[in-house]
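Order-wise, the sequence lines are chains A and B.
Residues 81 to 439 (the working numbering) make up the first sequence, in order.
Residues 572 to 1076 (the working numbering) make up the second sequence, in order.
Since the hints were made in silico from the structure, they are not lab data.
Given the structure is predicted, the values throughout are model-derived calculations rather than measurements.
Where is the CB? At the ideal position from N, CA and C, for every residue including glycine.
Sample of chain B residues with no beta-carbon within 10 Å of chain A, all distances over it, derived:
#, residue
1, I599
2, Y604
3, D612
4, Q641
5, N661
6, Q662
7, I668
8, L670
9, V804
10, D925
11, N1015
Partial list, derived from the structure: chain A residues whose beta carbon lies under 7 Å from chain B:
#, residue
12, T292
13, Y294
14, G295
15, A364
As a plain string of letters, each chain reads:
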Amino acid sequence: MCGIFGVMDKRRQMMDGSGIREALSMMNERGSGEGAGYVAYGIYPDYRDCYALHVFFDKACESKAVIDATLEQWGTIEHDEAIPTCDQPNLRVNCTPWRYFFKPDASLAPGSASPEKDIVTNLVMQINASANGAEVVSSGKNVGVFKAGGSRGPGGSGGWPEDVADYYRIQDYEGYIWLAHNRYATNRPELWERPDPFNLHDWSVVENGKTTTYGANRRYVESFGYNCSTGTDSEVIAYLIDLLVRKHGLDISLAIRALAPPYWEEIDRMPEAEQNLNRALRFAYGSATMNGPFTVVAANPDMMVGFTDRGKLRPMVVGECGDRLYIASEEAAIRAMESGVESIARPAAGEPVIGRVAP
Amino acid sequence: MSSNLGSMPLRYRVTIDREQCMECERCIENCSYGVFRRDGDRILINSRKCTACHRCLAYCPRDAIMLEEQPCDYRSHPVWTRAVRESIYNQARTGKIILAGMGSVANLPIIFDHLMLDACQVTTPPTDPLREPVELRTYLGKKPSKLEFRQKPNGDVELSTELTPNLMLETPIMLGHMSYGAISLNAHVAMARAARETGTYMGTGEGGLHPGLYPYQDRMIVQVASGRFGVNVDYLERGAAIELKLGQGAKPGIGGHLTGEKVSADVSRTRMIPQGSDAISPAPHHDIYGIEDLPQLVNSVKEATERKKPVFAKIAAVNNNAENVAAVARSGVDAIAIDGFRGGTGAAPRVFRDHVGIPIEVAISTADQELRNQGLRNEVSLIACGSIRESTDVVKAIALGADAVYIGTAALAAMGCRVCGNCYQGLCPWGIATQRQDLVDRLNPDVASKQIANLIHAWTLEITELMGAAGINSIESLRGNRDRLRGYMLDEGLLDILDVKSVGA
Ligand code: SF4
Ligand code: SF4
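Hey, can you work out the whole structure from these sequences and the hints?
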């Protein structure tokens, strides 16, 4: 099950996290109280030129020195600090969330079209793959992921959206795009890096669903040097989008089409040029195609998109109100944040939603 | 006296229930090996000639005939098995290489049978193929790894990547290469019609293309093997695709072998060889002595056909399979067929058939992985062949990394073949592996094509159901999706090579 929520202000007007907390809690019926997460764009204006690395340390005293040294090999740490938190009675904390504001040294990736992002990508893969007690959970400029896991039963450690929001004091952050995820746990709830959202520098992803192609998609992205360390769909999806958009230069609408392509029957009926394009996408990206039920909401600093599997086995509701675009699992969540929402739509299967921030 | 060994114990014993028998003589008529003959008022049986082809059993109207395998025991011995001893007696008598037909009889574990498929339960719903589309359409050929676009004057972007020709299959099952000569014209026609009916393709094998198959040439993959039998530009132009046969799973390292008995007048014309002569293809292609020679052959075949047709290469699965595949993928071919060591054959030396090569399951998964490691996976499609026995083998082969499969023996069995393994004798009582006209006439191409088409339809339906149950609605989402397989009682080394987890993991 799971509930997902996304909101974007087209004119970059800021929203604090309290409304998002409300909206996500509205979908508690879709979660199991074992994890939730938030991601917000625009929260670090003072460090807008640095890559903000959110890192979970198992034991900060042991791991931090290693991470410091790794980062310093590849650039400069402008500032770092513990992420401010406030203990919650229902949430058992098992790691220390930390943030670095980091400037990669572009000269260390000569020949790359996007050297800074290549360095950050490699650092994330390297740190997350090794058993160093540290996991990077977000790594973009002016963006941050705040998430926590939990567990139920005797000795359980909670983890409803409100607990997680209050733990990170989400209401203290102001962003112009927010994504949020209310988790229905199916595995290893105690690890905080596992729940959505996932982020790799520009892109953040929340998913409601479970693809049947995780293995195929993972083998595909891993052949391009990405390393999937958590075994979750959203991690692979974030890497797929980064690969298709940044490395292969696809427009986001084509990238979505590659991930959730139309049926051959539909392609056969298209005009020739379109047919060719769609066939080429399926030819080139057959291994990137996601199958099984999913709704994905993804964002980068300039846009928020939502798309479903081509059979639309999971819900996706779109709301609009003034400059705000909402994408959520349930209309009630949108209304919890924006009671006067002007239009509500339920796009058909295979119809992506793409909202762009005004330039 | 040629030997002191006397006769071997009977391999099969045929008996007739005299109570049931009505002396209609259908057994005499049907057995092309001459097991039955009439002597006065009795039908006599010479069991020694029997191959267990089951023709007499199938056509006895009274179910009066019974067949028993190995009715005579040897002293049992775990090392000096019956097979070992009989080979020695045979070779002590003849001094020759033993030829055998059909696939390997070595009693080795079959990996496919130790791979379990996945299905969806609660966290993901299965797809219902009765109510929702499940796409099996498969394109074979080169695919771009990345797309290029150009800006049009009006600001729109358009695709500038040109797609190379691909074969479009409605189902990932093709009919594998068996030559005219090895099998009869009626068998070929039946396969060609079935290929057309089911939206797939068939291989011609290395025997050229008989004019009787011209009407189906758009469904044929014409083969160029080391013997170059029947190859000219007209032949190349007729095919929908061209396959260069570099090796065969049943006999890696040696060439094809057609016994003279099967080289009839018609076969001799189609193959361009003298009637009655053994057609023995050279082990290597005599224009390929190094991998760098292969691109030249690929290019010359492509040039001859104006680059309009995909070119395939077929190789046998051997130890350095991954390296071979990566090398062939760089030669410009559009697809690589990999033939596992259990692959069928009309005739192969027994030692090759049973001892040389590696299983297709391993070969396909190492090939897929190596191509991915080297960034070459989209350069070629992979076709798995060599003992694909049922629809689950197809699904497992694709999950291990194949794009499609070739079936050979299964298609013959759909026409009646009982896998008796005597194809090289040219007396196939089912009209399949023979050129004797009266036997060939037994195979009605209309009926046989329907049977093959039925088999392909049935497998296609089963594949659709299996994919639906796994929540997968297009075949490319199954390809290389090893996560959906689990190994049951496979050792860790093998699981590692297959990149498949153990059951329960
Ligand atoms: S060779 Fe075939 S037809 Fe002849 S007796 Fe044996 S099983 Fe019957
Ligand atoms: S094709 Fe004929 S001869 Fe060959 S195995 Fe089948 S039944 Fe026997």
